[in-house]
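Hey, can you work out the whole structure from these sequences and the hints?
Here are the chains, one letter per residue:
There are 2 protein chains.
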Amino acid sequence: MIFTAQVKVMPLKELLDPQGKAVMGGLANLGLNGIKDVRIGKNITLQVEADSADAAAQIAEEAAKKLLANQVMEMFEVEIK
Amino acid sequence: MIFTAQVKVMPLKELLDPQGKAVMGGLANLGLNGIKDVRIGKNITLQVEADSADAAAQIAEEAAKKLLANQVMEMFEVEIK
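Heads up: the protein sequence lines correspond to chains A and L, in order. Under our numbering, the first residue of the first sequence is numbered 1, with each subsequent residue one higher. Under our numbering, the first residue of the second sequence is numbered 1, with each subsequent residue one higher.
Any given hint could turn out to be false.
Identical copies go unnamed one by one, so any copy, or any two together, can satisfy a pair.
Listed next, the in silico SDA-like pairs over lysine to any residue satisfying Cα-Cα at most 20 Å (straight line) [as the list claims (entries may be wrong)]:
no., residue 1, residue 2
1, Lys21, Lys66
2, Lys66, Val78
3, Lys65, Ala55
4, Lys13, Lys42
5, Lys42, Met73
6, Lys36, Ile2
7, Lys13, Asn33
8, Lys66, Met10
9, Lys36, Lys81
10, Lys81, Pro18
11, Lys21, Ala55
12, Lys81, Ala53
13, Lys42, Phe76
14, Lys81, Glu61
15, Lys42, Lys81
Calculated from the structure, these hints are not laboratory results.
Structural data, given as structure tokens:
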């Protein structure tokens with residue numbers, strides 16, 4: 001069975017996010033002053049072939065740990081849909 | 001009041017995602033053969049100052065349309081948390 005797994009990878013809260021800071025500056029230049037903070041991460045959608053949702057979550061988590069996220073600088077969340 | 005808006009930006013389904021294809025190759029090389037497709041987009045978290053959740057959603061949507069997403073190649077979804 002094919003499951004859709006969504007992996008969100010975000011920079012850790014303790015770390016600066018220079019890309020987010022740059023986008024925040026751009027938004028302020030466009031007149032969007034209500035935006036006080038921007039953080040940018042990745043959103044990865046995987047199509048996983050597995051016997052159960054739990055098995056699919058395990059495969060997605062392994063993929064995140066081994067390749068998708070750098071756990072020194074990023075945290076990740078896996079969600080099966 | 002400060003609302004947290006999450007903007008997901010993904011490449012349109014009709015378009016190739018070469019970054020996703022490269023990651024899928026990497027995952028296969030790591031022995032994760034159960035993963036049949038990978039698509040990579042952005043996950044952007046905004047802290048929005050607004051009077052209501054609806055107003056915050058409107059600001060986040062404007063930000064997505066004006067700067068965060070390229071609607072020729074990408075689709076976006078806004079969620080207020």
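For each hint, the structure was consulted:
1. Lys21 to Lys66: Between. Shortest inter-copy distance 17 Å satisfies the 20 Å Cα cut-off; intra-copy 28 Å does not.
2. Lys66 to Val78: Classified as within; 14 Å inside a copy, 29 Å across copies.
3. Lys65 to Ala55: Close inside one copy (15 Å), not across copies (37 Å); limit 20 Å.
4. Lys13 to Lys42: This pair counts as both: shortest intra-copy Cα distance 15 Å, inter-copy 17 Å.
5. Lys42 to Met73: Both ways: Lys42 and Met73 sit 13 Å apart in one copy and 17 Å across, limit 20 Å.
6. Lys36 to Ile2: For Lys36 and Ile2, only the inter-copy Cα distance (9 Å) is at most 20 Å; the intra-copy one is 39 Å.
7. Lys13 to Asn33: Cα proximity of Lys13 and Asn33: none, with 22 Å in one copy and 32 Å across.
8. Lys66 to Met10: Within one copy, since 16 Å is at most 20 Å while 22 Å is not.
9. Lys36 to Lys81: Answer is between; shortest inter-copy Cα gap is 15 Å, intra-copy 31 Å.
10. Lys81 to Pro18: Intra 31 Å, inter 23 Å, cutoff 20 Å: neither.
11. Lys21 to Ala55: neither (38 Å within a copy, 23 Å between copies)
12. Lys81 to Ala53: The answer is within: 9 Å in one copy meets 20 Å, while 25 Å across copies does not.
13. Lys42 to Phe76: Both, since 9 Å and 13 Å are each at most 20 Å.
14. Lys81 to Glu61: within (14 Å within a copy, 24 Å between copies)
15. Lys42 to Lys81: both (17 Å within a copy, 18 Å between copies)
Violated hints for the displayed structure, listed by number in ascending order: 7, 10, 11.
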